[in-house]
Structure formats: structure tokens, C-alpha cells
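With chain X held as given, fit chain V onto it using these hints.
There are 2 protein chains.
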Amino acid sequence: MTLQKSNSLNPHVSVDCVIFGFDKGQLQVLLIKRGGKDEALALPGDLIRDDENLDEAASRVLYELTGLRNIFLEQLRAFGDPERLEANSDIQWLNSVREEPQARVITIAYYAIVKPGKLHPKPSSFASEVKWMPVLELPMLAFDHSVILSQALHHLAASLKKEPLLAFEMLPRKFTLRQIQKLYEEVLNKNIDKRNFRKKLQTAGMLIPLDEKEVGVSHKPARFYQFDKKKIKTKGWL
Amino acid sequence: MTLQKSNSLNPHVSVDCVIFGFDKGQLQVLLIKRGGKDEALALPGDLIRDDENLDEAASRVLYELTGLRNIFLEQLRAFGDPERLEANSDIQWLNSVREEPQARVITIAYYAIVKPGKLHPKPSSFASEVKWMPVLELPMLAFDHSVILSQALHHLAASLKKEPLLAFEMLPRKFTLRQIQKLYEEVLNKNIDKRNFRKKLQTAGMLIPLDEKEVGVSHKPARFYQFDKKKIKTKGWL
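Residue numbers (my numbering), protein chains in the order written: chain X, 45 to 282; chain V, 45 to 282.
Treat the hints loosely; a few may be bogus.
Heads up, the list lumps identical chains together, so a pair's fine if it works in one copy or across two of them.
In the DSS-like style, the derived pairs of lysine-lysine whose C-alpha atoms are separated by at most 27 angstroms in a straight line are [stated by the list, open to error]:
(1) K68 to K175
(2) K274 to K243
(3) K77 to K273
(4) K274 to K205
(5) K264 to K244
(6) K257 to K175
(7) K206 to K274
(8) K205 to K81
(9) K175 to K273
(10) K244 to K273
These aren't lab readings, by the way, just hints derived from the structure by calculation.
Same shape as in the complex, but just chain X (with noise of 0.2 angstroms):
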């Protein structure tokens, strides 16, 4: 005996992804607009296939709805609160797409980081457009997926503060101290106090200084910084 495969859609699993970067000076995660009268905004999401597994379906929805590819997408966790899919909206939204849109959904979230400067998204499927939204300015999005961001931002606090790696993958190459005190700024949503930063950074000895200045910029131009990559390790005491 198999099981029946087929291409056909999961009607009670689905994938969410939520993308960060660090662009212009905040932190960024990346929307669409779904279809439909209200427009609302969600993080690219949709129902898993019955033939493939969690990541692919993953990395699947995140290229129908914003065209990019090869990113490498981390399973947050998931989530399936029974009334999670509830809002009138939302039910008005999912009678118009799905087959069985009474279906309890329990959707597995994803989370990347990337560099939004490197990459071109675009919307297709059921995503009317898709773009880079500033996270601390956002409205409330749809179905539970402010819920979901906020949980995914609390991971990416929890681990940028444990391991600065992290803030190496979503700088540029180089960087100002400037730039690296706004990027802990924007993940924590907290002021950070400067002088203590950069005693922090300096002891903690992961920064090389490079001959190298802002230019054109109005102020005192700030000098550059790369990581040390060799320093940067995750250790715990043992």
C-alpha cells in the first residue's frame, strides 16, 4: 500500500516566510500586497503541496509570489491557533482563492536574512506586488502574520545578540560604526547608548579598521569597518 500522491494542494498546511534585511538604515522585511479588494498586506505564504516536504514547499512559495530564489530559508516554528485565520477580511479573501477556505490551516513559518540591496523581487501568483517594508512602521498585517513577524523578530534579537555574526550577514562588506549601532538599534527597538557600544565592539575585538572614509556625505566622514572573520565564533563556555 502508498499513500496517494499527487501535485495537488494541502488544504491544511501552509507556509509562511519572513525575509529581513537591513537596508537604508532599518530593518526591513519583505511584503506582498495579495490580491483582492483590501489589498492587504502579508508576508508571502500559501497552502504546501501534497508531494513535497515543509522546506521545499518553502522555498517554492517564497519563488511564485516574489521570484526569488535560492535564499536560505530557516523553519521558525509553527503556528495553529484555531482562530488564526478568522478576521472577516481574511475569510473573504480565502473564499475567493480556496477550494476548501473552512479548512483549519496550521501554517509552519520560515525566516531568512538577506541583503535587499542584491536582490530584485517581483509579484506574480496571487501577489499583486511585493516590496521591502520598514518593520517598526508597519500597519497590522493580514490573518496572524503580524504574530508571526513579531516572534521572528524576537528571534533574530535573541540570536543577534548571542551571536554578531548575524549582524555581518546583513551589513555591506563594509561598514561604519554608525551603521552597526542602527542595525542593533532597529532589531532590539531600543536606543543603545554609543559610548558603551563601541567599548562593547572594541572588547569584543571582532572589527578591523580599514584606510578607508565615508565621502560626500555632510558630516565628519566616519571610517570604514570589515568583520574579522576570524574571531567571530560561537562559543558557548564549554
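For chain V alone, coordinates are given in the frame of chain X:
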């Protein structure tokens, strides 16, 4: 419009619980024997109900199968390989207990760390037996439960390396240096150099020596220690 609610089982999503404990010098996991011909060992797990969220489902399922309540369960991740339920013995068992045995089931794994000595699990529902088994001496488990267990173990090992507080949750209130080393050896599944390990423990400065030694042992009685809770903090570089 509201979604239809009921107490019925949702045949598409399950929860599985990985309950770890350290006892008799070994890392143990709580397993059930599922009733039926093959009596395969499995993690305590079952379908969610349509009216409960995932955390609630995990607590209920653990209670129904093992009688254990008030265990702090944390979500590990979702497992959704399309072939995760396709071993012949698993299909036979599913056919004997499930109303929709062919449905693809995504499972959300939960894990907890407990002190086995304080718990008194007893089997019910479809569990014919419930018992602690040493993690490093297990046979293959039912379904994809060996995969789930191995990911949970990986997670536990990574956490224990970063957060010594976990060792505190796994050990008795007072313990010997031999016991804490054995705990690390079991979780990391490798031998640890005794001298090195003790040096690191000392550097980390988390232990308070007690004026108390083992009694009635055949070897030289070892001193007991306690964790210094004030010193145990999970800190990043910032």
C-alpha cells in the same frame, strides 16, 4: 460566518513529545509502546483536536498517553516529510486506529526537560506501556520518531553548550563533579577529558562546593556541589 468547530480530531496534524531526563547516569527519553501487533516504541504523540491550539494539544496528548501533567513543553519544530508515515508496520497500525489512515500528517514536535525521579508516568489511551529508555541505546522508533528524537537531541546538546543552566535543570539539587561530567558526556555523546572539564567548570565559576560528601560508595567519596544560580546567566557579547 464562523469556521465550524468541534471536538473532533484533525487527521492532518499531530504533536509528538520528546521528554528528556537524566537518571541513573544516563540521558533518558520517555517512550510509549503503541498497542497492536508490533508493539513498536514511539514518542508520545497523537492527532490534534480541531478546537485546540498546538501547545494545548501537546499537553493533552502527553497527559492522555502517559498521565503526566504540568510539564513545560516547548515547541521544537514541524516535521513534514511526505513519506514520514509510510513504513508497512506504521501503515498497518494507522489503519487499525485512525479514521483517515491515508491522510498526510504533519507533526509538530515538542520537547521538555524533567527530573525522572519525581514523575510517575503510566500508560493509557493507545499506549500499552510507558517507560524511560536510555537515548544512546535505542532501537529504531516508529514513524519518523528516530529523526525527531535525533533533532531534539541535537537541540539539547547545542543548548547545553551555550546555557549551563540546563544542566542545573537536569541534575539533582546537589551533585558530584562526576555526575555533571557524565551528563555532558551523555548529551554530547562523547568522552570528555576530566582534567580539562573541571578546569572549565572552575573558570566558569558556576559551582558552590558543599561541606558534604557521598556516603556508602565503594570509591573515594566525592564532594557534592550546587549551582550558583546568581552566576548563571545566558549572556551575549552585547
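Structure-based check of each hint:
no.	hint	verdict
1	K68 to K175	within (14 angstroms within a copy, 56 angstroms between copies)
2	K274 to K243	both (20 angstroms within a copy, 25 angstroms between copies)
3	K77 to K273	neither (38 angstroms within a copy, 49 angstroms between copies)
4	K274 to K205	both (18 angstroms within a copy, 20 angstroms between copies)
5	K264 to K244	within (23 angstroms within a copy, 46 angstroms between copies)
6	K257 to K175	neither (31 angstroms within a copy, 65 angstroms between copies)
7	K206 to K274	both (17 angstroms within a copy, 20 angstroms between copies)
8	K205 to K81	neither (41 angstroms within a copy, 51 angstroms between copies)
9	K175 to K273	neither (31 angstroms within a copy, 47 angstroms between copies)
10	K244 to K273	both (17 angstroms within a copy, 25 angstroms between copies)
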